[in-house]
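Protein chains: 2
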Amino acid sequence: MLSAEIIAIGSELLTPEKTDTNSLWLTARLNEIGIDVKLKTIVGDDGARLEETVKDAMRRSDLVITTGGLGPTEDDITRHFTANAVGRELVYHDEIEQHLRERFRLWGREMPEINKRQAFVIEGAEILPNPNGSAVGMYVEMDGKMLAILPGPPRENQPMFNEYVFPKLQAVSGDVFVRRRMLKVSGKGESAVDEVAAPIYTAYPNVQTSVLFNKSEVEIHVAATADTADKAQAIADELAEKLAEALGSAVFSTHGESMEEVVGKRLAALGQTVAVAESCTGGLVGERLTNVPGSSAYFIEGAITYSNEAKMRTLGVPAEILDSHGAVSAQCAEAMAAGMRAHAGTDHAISVTGIAGPDGGSEEKPVGTVFLGYAGPSGVKSVKFVLPGDRYLIRWRSSQAALDYLRRQLGK
Amino acid sequence: MLSAEIIAIGSELLTPEKTDTNSLWLTARLNEIGIDVKLKTIVGDDGARLEETVKDAMRRSDLVITTGGLGPTEDDITRHFTANAVGRELVYHDEIEQHLRERFRLWGREMPEINKRQAFVIEGAEILPNPNGSAVGMYVEMDGKMLAILPGPPRENQPMFNEYVFPKLQAVSGDVFVRRRMLKVSGKGESAVDEVAAPIYTAYPNVQTSVLFNKSEVEIHVAATADTADKAQAIADELAEKLAEALGSAVFSTHGESMEEVVGKRLAALGQTVAVAESCTGGLVGERLTNVPGSSAYFIEGAITYSNEAKMRTLGVPAEILDSHGAVSAQCAEAMAAGMRAHAGTDHAISVTGIAGPDGGSEEKPVGTVFLGYAGPSGVKSVKFVLPGDRYLIRWRSSQAALDYLRRQLGK
Chain A
1 MLSAEIIAIG SELLTPEKTD TNSLWLTARL NEIGIDVKLK TIVGDDGARL
51 EETVKDAMRR SDLVITTGGL GPTEDDITRH FTANAVGREL VYHDEIEQHL
101 RERFRLWGRE MPEINKRQAF VIEGAEILPN PNGSAVGMYV EMDGKMLAIL
151 PGPPRENQPM FNEYVFPKLQ AVSGDVFVRR RMLKVSGKGE SAVDEVAAPI
201 YTAYPNVQTS VLFNKSEVEI HVAATADTAD KAQAIADELA EKLAEALGSA
251 VFSTHGESME EVVGKRLAAL GQTVAVAESC TGGLVGERLT NVPGSSAYFI
301 EGAITYSNEA KMRTLGVPAE ILDSHGAVSA QCAEAMAAGM RAHAGTDHAI
351 SVTGIAGPDG GSEEKPVGTV FLGYAGPSGV KSVKFVLPGD RYLIRWRSSQ
401 AALDYLRRQL GK
Chain B
1 MLSAEIIAIG SELLTPEKTD TNSLWLTARL NEIGIDVKLK TIVGDDGARL
51 EETVKDAMRR SDLVITTGGL GPTEDDITRH FTANAVGREL VYHDEIEQHL
101 RERFRLWGRE MPEINKRQAF VIEGAEILPN PNGSAVGMYV EMDGKMLAIL
151 PGPPRENQPM FNEYVFPKLQ AVSGDVFVRR RMLKVSGKGE SAVDEVAAPI
201 YTAYPNVQTS VLFNKSEVEI HVAATADTAD KAQAIADELA EKLAEALGSA
251 VFSTHGESME EVVGKRLAAL GQTVAVAESC TGGLVGERLT NVPGSSAYFI
301 EGAITYSNEA KMRTLGVPAE ILDSHGAVSA QCAEAMAAGM RAHAGTDHAI
351 SVTGIAGPDG GSEEKPVGTV FLGYAGPSGV KSVKFVLPGD RYLIRWRSSQ
401 AALDYLRRQL GK
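Respectively, the protein sequence lines represent chains A and B. For the first sequence, counting from 1, position 283 maps to 283 in my numbering; every step adds exactly one. For the second sequence, counting from 1, position 213 maps to 213 in my numbering; every step adds exactly one.
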């Protein structure tokens, strides 16, 4: 089994506000092919410590991955001190500079001179292209050890790792295969899920199963180990299917898809359309639905009717409802959904109206009170929740409940 | 200025699901008295690596803090290997065992034999009592260096640090105070900001300044050190003001506020209102504006006009504009903003229409092409961007550019 160390570079990661999260994703990917992460280091813009850390890691472990510190400024020290650590020179690559100049030109900007620094590469290193940013990565093999130097932003280092580093590791990691499945469950707590799931997963001793609560859903992570990828996958699949069956319709995702992906796929398969009318979520439900590529096939329109006037003007909510029941009511939620569906001419419409806080709660309707409305071929209806959490969480959980409410109308 | 390293111990911290967070709290406490955290390490239940890590840290830094690995089981390796690292023996303390037995008795249980391990302490170390758990901490001074060995659970290590370690550090750290400011800049890259900022901040040798790019904005972090808190604050403020002046209107935040907070504060101060019309951002601009508590004072309404029909139906965008210029055009953005403002009756309206990808791009209008529209007292106008990134980033950067466009219309 190969051993790895991950080194995150950047003084911001040594402040009280920030922590390294790149290593979590990298660890998951490495674990998949049986590579064990033995140590993680977070080092600031301190050349001597970085150099020593890389040297020590290269001595102790088969694989060393660094993230960050490849930007163009003075405090981006990774190029210089990783080169020192492996005892090689930095070499200037004109083709990288030309590529950078072209990138800046496409954005209509001139390349600042300091970006030239990003054209220096460790002698003999393989250059790892970065379509998503200006910093190229590097890969060095030396004395049977591997060193991968990746940029810090996840949207740059993850594709780079997947495309250029992972295949090399796979080739040397041997016959240890780990395959994962992830189920997501809505409307049940962590312990309620575990009560159903534990009797099933404890019968699989070669599978690592964990049940985690994440903002508004419970995730069940299943990781099966075997000596072939197919065997590991088959075990993971078997357990996942058993768990999904036992938990029933509360399981909204059987392959880790997000709620908006699940709803979108279902709408696309049915050839049906949806519109949303939002008050307290302020656009979050629309934002989540349209975050899925191809969502224009089924998402037609949304209305963020934050004020009472907007609810009347745009959705035709009757003034009497607002006067006698208030904007946060079943009646208002139903009128919003029905009004939205009529306006947009869609198959389905959902609505959200509630009190996200921190102010605006009352004894009768405390902060967290949310009504969801639905209008569709089967008619108009609504449901009430009182959701825990701060403003951010109440809005997030409202959007999740709204999407889940829609999901349950769309059938299996 | 004293330097510190933090070592978190435990294999669970090397899984894809968990990361060390104790160090964030410890870093904040250390920074308060001017102690700089230079490096953080996360090491699993691997004795050799732990011993080497502690040795290296003691050589490089004035203060080393370890957290975790003090439990009673086989994989709690901290006592043994920190003792090795400082070259001392572990000594058995009968009074700790008696105290543990008493603790268990109070819970109505017999002490398991393995808990005896927790009665071993590094020779010459000060024992740090733990009222909240069974593991005592240790404090060692050696060759002018300090080593604090704390348990992992925050409810155990934080009170222990506060009561026994912090006072010692305060006594040796002298009168060192650190105060921070953060500026945020939009519409400029990291290197362009640094070109303006570096000549200014390099004249402040007692201030640590870092320039970071974060999704769609550049952050300038300023941390000033002085012998009183007031002096440190005055220096941080002085530098922050100079940087803000040099960078001009590109600086949208001088105390770390988000773009939506800045825009919201400005609208509230002016007593003016806004509405948004969104296509490619799908509700994100509305979601961000309404994420600010109290936003109902100025945010009236939003329209997520994802389809062409919605743009015509809800915002009155003329069919001719969509036919001859397309939905992603300056004309459409302006018609969306003007239509939204007329519909909602607000002081200002902004609109976003663009191609977020991954599909839908063309030679003339590649993925990332975004038009922002504005309608307000000064008239109707628009601006074009070609934004880099994937779907997520293009949508995020579009929302940021739209909010920034609005900000620039609201005056100083």
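Be a bit skeptical, because a hint or two may be false.
With a straight-line cut-off of 30 Å between C-alpha atoms, the simulated DSS-like cross-links for lysine-lysine are [to be verified]:
| no. | chain 1 | residue 1 | chain 2 | residue 2 |
| --- | --- | --- | --- | --- |
| 1 | A | 215 | A | 265 |
| 2 | A | 188 | B | 18 |
| 3 | A | 145 | B | 145 |
| 4 | A | 231 | B | 384 |
| 5 | A | 18 | B | 188 |
| 6 | A | 265 | B | 215 |
| 7 | A | 55 | B | 365 |
| 8 | A | 116 | B | 215 |
| 9 | A | 18 | B | 215 |
| 10 | B | 18 | A | 231 |
| 11 | B | 384 | A | 116 |
| 12 | B | 365 | A | 18 |
| 13 | B | 215 | A | 215 |
| 14 | B | 18 | A | 242 |
| 15 | B | 18 | A | 168 |
| 16 | A | 215 | B | 188 |
| 17 | A | 242 | A | 168 |
| 18 | A | 384 | A | 215 |
| 19 | A | 55 | B | 145 |
| 20 | A | 55 | B | 188 |
| 21 | A | 384 | B | 168 |
| 22 | B | 18 | A | 18 |
| 23 | B | 265 | A | 365 |
| 24 | B | 384 | A | 18 |
| 25 | A | 265 | B | 265 |
| 26 | B | 145 | A | 18 |
| 27 | A | 116 | B | 242 |
| 28 | A | 215 | B | 168 |
| 29 | A | 188 | A | 145 |
| 30 | A | 145 | B | 188 |
| 31 | B | 231 | B | 168 |
In short, the hints are calculated from the structure, not lab data. All values derive from a computational prediction rather than experimental measurement.
Right, here's what the structure says about each hint:
The hinted pair formed by residue 215/A and residue 265/A meets the criterion: a straight-line CA distance of about 23 Å does not exceed 30 Å. Proximity of residue 188/A to residue 18/B is assessed by CA-CA distance (about 23 Å); at most 30 Å being required, the pair is judged to hold. Among the hinted pairs, residue 145/A with residue 145/B is inconsistent with the structure: their alpha-carbon atoms are about 34 Å apart, more than 30 Å. Between residue 231/A and residue 384/B, the direct Cα distance comes to roughly 52 Å. Violation of the 30 Å bound is thereby established for this hinted pair.
At roughly 23 Å between alpha-carbon atoms, residue 18/A and residue 188/B fall within 30 Å of each other, so this suggested pair holds. A distance of roughly 29 Å separates the Cα atoms of residue 265/A and residue 215/B; the hinted pair therefore holds under the 30 Å criterion. A C-alpha spacing of about 48 Å is found between residue 55/A and residue 365/B, which places the hinted pair above 30 Å, so the restraint is violated. Our distance criterion of 30 Å between C-alpha atoms is met by residue 116/A and residue 215/B, whose separation comes to about 22 Å.
Proposed proximity of residue 18/A and residue 215/B is supported: the alpha carbons are some 15 Å apart, at most 30 Å. Distance check on the hinted pair: residue 18/B and residue 231/A sit about 27 Å apart at the alpha-carbon level, within 30 Å; holds. The straight-line distance between the Cα atoms of residue 384/B and residue 116/A is roughly 28 Å, inside the 30 Å bound, and the hint therefore holds. Under the criterion of a C-alpha separation no larger than 30 Å, the hint pairing residue 365/B with residue 18/A is inconsistent with the structure, at around 37 Å.
Between residue 215/B and residue 215/A the CA atoms are separated by roughly 23 Å; this keeps the pair inside 30 Å, and the hint holds. Proposed proximity of residue 18/B and residue 242/A is supported: the alpha carbons are some 27 Å apart, at most 30 Å. Using a Cα cut-off of 30 Å, the hinted pair residue 18/B and residue 168/A holds, with the two alpha carbons roughly 26 Å apart. For a cut-off of 30 Å, the pair hint linking residue 215/A to residue 188/B is broken: about 34 Å separates their Cα positions.
Our distance criterion of 30 Å between C-alpha atoms is broken by residue 242/A and residue 168/A, whose separation comes to about 35 Å. For the suggested pair residue 384/A and residue 215/A, the alpha carbons sit about 19 Å apart, so the restraint of at most 30 Å is met. A threshold of 30 Å between alpha carbons decides the hint, and for residue 55/A with residue 145/B the separation of about 24 Å falls inside it, so the pair holds. Only pairs whose Cα atoms come within 30 Å are accepted, and residue 55/A paired with residue 188/B is rejected, the gap being roughly 36 Å.
For the hint linking residue 384/A to residue 168/B, the alpha-carbon distance of about 54 Å lies beyond 30 Å, and the restraint is violated. Restraint check for residue 18/B and residue 18/A: satisfied, since their Cα atoms lie roughly 15 Å apart, inside the 30 Å limit. For the hint pairing residue 265/B with residue 365/A, the CA-to-CA distance comes to about 28 Å; that is within 30 Å, so the pair holds. Annotation: proposed proximity of residue 384/B to residue 18/A is violated, straight-line Cα distance about 34 Å (limit 30 Å).
Between residue 265/A and residue 265/B, the direct Cα distance comes to roughly 40 Å. Violation of the 30 Å bound is thereby established for this hinted pair. With a C-alpha separation of about 27 Å, the suggested pair residue 145/B and residue 18/A falls inside the 30 Å cut-off, and the hint holds. Restraint check for residue 116/A and residue 242/B: the C-alpha separation of about 28 Å stays at or below 30 Å, so the hint holds. The straight-line distance between the Cα atoms of residue 215/A and residue 168/B is roughly 40 Å, outside the 30 Å bound, and the hint therefore fails.
For the hint pairing residue 188/A with residue 145/A, the CA-to-CA distance comes to about 47 Å; that exceeds 30 Å, so the pair is violated. With a CA separation close to 40 Å, the supplied pair residue 145/A and residue 188/B exceeds the 30 Å bound. With a C-alpha separation of about 24 Å, the suggested pair residue 231/B and residue 168/B falls inside the 30 Å cut-off, and the hint holds.
When the structure is compared with the earlier hints, violations turn up for hints 3, 4, 7, 12, 16, 17, 20, 21, 24, 25, 28, 29 and 30 and for no others.
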